[in-house]
Amino acid sequence: MSGGWPSWLRRGPMENVATVLIAVGVVMLMQPLALAAFSWSFTVILTGTVMFLIVSHFPD
Amino acid sequence: MARSTPIDRVAHRAAAATPPHLRARVRGISDRAVAWVFIAPTIALLLAINIFPLLWTVYLSFTNYRANRPNREVEWVGTRNYERVLTDGDIWHTLQVTAHFVCWTLALQVLIGFTLAWLINRNFRGHGFWTTVIVLPMMLSPAVVGNFWTFLYQPQIGLFNYVVAFFSGVDPSSFSMIGSVHLAPWAIIIVDTWMWTPFVMLICLAGLRSIPEYLYEAAEVDRASPTRQFWTITVPMVLPFLMLAVLFRGIENFKMFDLVVELTSGGPGSVTELASINLKREAFEKWRTGYASAFAIVLFVTVFGLASIYVKALNRVKDR
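The listed protein sequences derive, respectively, from chains D and R.
So for the first sequence, this note's numbering puts the first residue at 1; every next one is plus one.
So for the second sequence, this note's numbering puts the first residue at 1; every next one is plus one.
Hints should not be assumed to be uniformly reliable.
Residues from chain R that face chain D, not an exhaustive set, calculated with beta carbons under 8 angstroms [to be verified]:
no.: 1; residue: L86
no.: 2; residue: A99
no.: 3; residue: L306
Okay, the calculated bits of chain R under chain D, using three or more residues with CB under 8 angstroms as the criterion [said to hold, decoys possible]:
no.: 4; region: 89 to 96
no.: 5; region: 292 to 302
The following residues of chain R were derived to be distant from chain D, with all beta-carbon distances above 12 angstroms [stated by the list, open to error]:
no.: 6; residue: R32
no.: 7; residue: A33
no.: 8; residue: I51
no.: 9; residue: W56
no.: 10; residue: R66
no.: 11; residue: V77
no.: 12; residue: H100
no.: 13; residue: N147
no.: 14; residue: Q154
no.: 15; residue: V181
no.: 16; residue: R281
no.: 17; residue: V311
To be clear, the hints were calculated from the coordinates, so they are not data collected in a lab.
Virtual Cβ for every residue (Gly too), placed ideally from N, Cα, C.
Starting from the given sequences, assemble the full structure and let the hints guide the process.
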């Protein structure tokens, strides 16, 4: 079924990338060091979450 | 393919002999239609209670709507509310307060919860009784817990101050846990830890009970010390369960509202003002509905992202 699907686009590794993005975004949202990181945190979390939703439908 | 019953065959024969516009009535409604009839009320309720308010909040977050001025013309402001939320120093501060609360409660709950589970897992007399006693705080309502801990924290009559005074020798009325800027953040951490450590303990207990005994027997044969058995068998086997507990408590504490409102109402000043308390103030005290909606969406996306990780961790535990 997923014979022609590129190996780097498989569900497992892509979900890991999305998870890292969400985690980094949450850290940026709650860190006390840089307001700029806080301002960009939502974009990072949103990207990670949308990516997670999409890649969870990719083949294993 | 399901086998047709004599009644079905009769119904089909009768339907075939019936004019087309009356055929559906003779055959009756299909299984699929019956399923839809049963789940339709639930779907309608879900749409009305969950999905519609969410979509409405998303819409409001792009407007300057104020709920206390419903007749004022609503103006589309684009992403301005999001820009203001994400550059607001007060919101940044409340998220740091939330981070302090989440990190410390998680660390304490994991440490104490795992230790309790490890101790409870050994078979001893009265083990069932102690499990029930430890689990009791989790069963109470947050409003009740908040209310009686405000009494425990009273500087003059509170038991907590007397216990601290007994061990440290300080005057019990010399400090106020919920009135001090330095102590109030710790006051809410202590109460949340007291209430929710049993939950972490139960999850860890499930993890500990799932470890097969033969692993320890094999380790004994290899003459592995109890410390080595703990670090190479117990900890790795319980880790997925622990991760699950951390994610679950992390998400819950990120949304924490009731317990802290009951204890400190966000004070003194704003040292215990968590994100959800600030959100409620923006929406229902300052009546900046559009702005509060944008903040709510930021929090929602964050919790949704964390929940995605949570589901992934859950699947990993299930696969084990």
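> Once the closest CB in chain D is found, is it more than 12 angstroms from R281 (chain R)?
Replying inline: holds, 19 angstroms
> Given L86 (chain R) was flagged as interface, is its beta-carbon under 8 angstroms from a beta-carbon of chain D?
Replying inline: Check passed: Cβ of L86 (chain R) comes within 5 angstroms of chain D, closer than 8 angstroms.
> Are all C-beta atoms of chain D more than 12 angstroms from that of A33 (chain R)?
Replying inline: Given a closest Cβ separation of 29 angstroms, the condition holds.
> Would W56 (chain R) pass as off the interface with chain D, using Cβ distances and a cut of 12 angstroms?
Replying inline: Non-interface label on W56 (chain R) holds, nearest chain D Cβ at 19 angstroms vs cutoff 12 angstroms.
> Is the Cβ of I51 (chain R) farther than 12 angstroms from every Cβ of chain D?
Replying inline: holds, 16 angstroms
>> Checking a non-interface call: every C-beta of chain D should be farther than 12 angstroms from the C-beta of R66 (chain R). Is that right?
In response: It holds; R66 (chain R) is separated from chain D by about 23 angstroms at its closest Cβ, greater than 12 angstroms.
> With a cut-off of 8 angstroms, does the beta carbon of L306 (chain R) approach a beta carbon of chain D closely enough for the hint to hold?
Replying inline: Cβ of L306 (chain R) sits 7 angstroms from chain D, so the hint holds.
> Minimum Cβ separation between N147 (chain R) and chain D greater than 12 angstroms?
Replying inline: Since the minimum Cβ distance to chain D is about 29 angstroms, N147 (chain R) lies beyond 12 angstroms and the statement holds.
>> Using C-beta distances, would you say chain D covers the region 292 to 302 of chain R, given that this needs three or more residues below 8 angstroms?
In response: holds (count 3)
>> Using C-beta distances, would you say chain D covers the region 89 to 96 of chain R, given that this needs three or more residues below 8 angstroms?
In response: It holds, with 4 qualifying residues against the three required.
> Would the stated hint for A99 (chain R) survive a check requiring a Cβ distance to chain D of less than 8 angstroms?
Replying inline: holds, 4 angstroms
>> Over 12 angstroms from every CB of chain D: does Q154 (chain R) meet that, or does the non-interface label fail?
In response: Its Cβ never comes within 12 angstroms of chain D, the nearest being 32 angstroms, so this holds.
In terms of the numbered hints stated before, the structure departs from hints 12 and 17, listed from lowest to highest.
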